[in-house]
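Asks: Listed here are the chains, written in short residue letters.
Protein chains: 2
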Amino acid sequence: MITVEIICFGNELLFGKTINTNANWLGKRLVMLGAELQRVTTIGDILEEMAEVVQEALIRKPNVIITTGGLGPTFDDMANTAIAKALNRELELNEQAVGFIKERLDKLQKERGLELKLTEERLGMAMVPKGAEVLKNRAGSAPGVMVKENDTLIISVPGVPSEMKSIFDHEITKYFDLDPTKQFYERSIVVNHIPESELAKAISETREKYPTIYVKTHPHSSKASAKGMIEVEIHITSLCSDEEAVNLREAEVEIVKIIKTMKGTSDKKPKIALQNNDKKSK
Amino acid sequence: MITVEIICFGNELLFGKTINTNANWLGKRLVMLGAELQRVTTIGDILEEMAEVVQEALIRKPNVIITTGGLGPTFDDMANTAIAKALNRELELNEQAVGFIKERLDKLQKERGLELKLTEERLGMAMVPKGAEVLKNRAGSAPGVMVKENDTLIISVPGVPSEMKSIFDHEITKYFDLDPTKQFYERSIVVNHIPESELAKAISETREKYPTIYVKTHPHSSKASAKGMIEVEIHITSLCSDEEAVNLREAEVEIVKIIKTMKGTSDKKPKIALQNNDKKSK
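Protein chains in written order, with this note's numbering: chain A, 1 to 282; chain B, 1 to 282.
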């Protein structure tokens, strides 16, 4: 299983100006790719701290580190400088990146009539850590950057979600050396009128019986309180082969059986609804 | 200035099942309180890793560490155990926490007719690191937990947003020893038809002139591309006194002046809109 850490650069994430939807999107994608996301770290636009966070992640030796943000043309876009610093490498002008940037400027000039020059700020986006490769950005100007350090591949993508997604899907997915026999399966059981703590025992029994299946409860507090009732989602997941997936179904059936023996509130019978019947494709 | 780190416990955050809106909400609140959020770390429900992340944060000596998640009654709610492990302390039954939990069960019993017992799972929520205090949860069963280690205050709140928010606003805000003379000010300038990289120079000049003001550009990619145009938000922020806030206005005026001298696309004049006129109250 490929292990991954995500590092998100950006004051706007710490200030609460921007919700970190990038980490969420990447988390979903990585699950579908069969990779294991172990940690997400968000840090502000301070060069020393950015470099430190990269070094700390390298010590834990994940197969892949994905960084988001800090690749644009402004003063506070320091991802390349921070990664170079963390790896104790120089920055070098990457000619392929210059080509990508020129191509993008030409495109914008043709499509939108913008008069754009290859300014110093724009050339800054082509200054990458020595030995790095660049990744084409079909949705914006800043190229992605990929550099290997020992056994860890560091991949940097812009923070703008459309650019991050485009680079990930077009350029990065292929670096995940996947087990074609395994897929991510998930099912949800939504239970009303039984509190989470009452469900705890039912779930711990099933967990012991199916150690490769992950079962977790999530109280739906806001939706539920709006209707004045208790609602808990039991989320059952497994990364497994099609044959093993039958265990997931069995676990689901067993949990439902146990819940059916339970009492709800005095005036309401427990309500059970099954969701997410489909397995996720890669 | 009070320094803060947030640690979010929860596989659902890494899997991409749940967007980390808690870190965003807390980030906003901390900015308004005049505190400096330095880092957010998200980690899965693995006891050793949870304890490690807490230990790593303690080494950096922030004034406050806020943890979210892992306080409920189920097997994977391990925040108290992880913090106790990180601090090398025992867990102890907190009688006040038992009181809070009983009070909550009584309330649910009266209001919703639930027949709820003080099960082992529920008592588990009252097992806190030795020396910890507990914080009343008005929106759910799991009490918040607060424990001091050297000069760092570790505050744990549940991951359910309504409970996290309720505990933060009712119980935690008072621990922030604020500078009453400073407030958080922000203004935004939204510019159409000039790309971010063109704006970079205008902004770097203003930044040098007003070192206490933070200016950052955010391309509005998705909104903008939908309309086939370029849109960049210039976000100007400062934590300062009312008198100093005049600098923020000046910086805004100067940036607008510089932008007005710039060319947009060949067929479109740059469009400038000012937003967020209000200062944020504490």
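These aren't lab readings, by the way, just hints derived from the structure by calculation.
Just so you know, not all the hints are guaranteed correct.
A pair counts as met if it fits within one copy or between any two copies, since identical chains are not told apart.
Said to hold, decoys possible - Here are the simulated lysine-lysine pairs, BS3-like style, with alpha carbons at most 25 Å apart:
(1) K216 <-> K117
(2) K85 <-> K61
(3) K130 <-> K269
(4) K107 <-> K201
(5) K148 <-> K165
(6) K117 <-> K271
Asks: Against this structure, judge whether each hint is valid.
Replies: Here is what the structure says about each hint:
| no. | hint | result |
| --- | --- | --- |
| 1 | K216 <-> K117 | between (53 Å within a copy, 22 Å between copies) |
| 2 | K85 <-> K61 | both (18 Å within a copy, 24 Å between copies) |
| 3 | K130 <-> K269 | neither (65 Å within a copy, 40 Å between copies) |
| 4 | K107 <-> K201 | between (60 Å within a copy, 23 Å between copies) |
| 5 | K148 <-> K165 | within (21 Å within a copy, 41 Å between copies) |
| 6 | K117 <-> K271 | between (63 Å within a copy, 21 Å between copies) |
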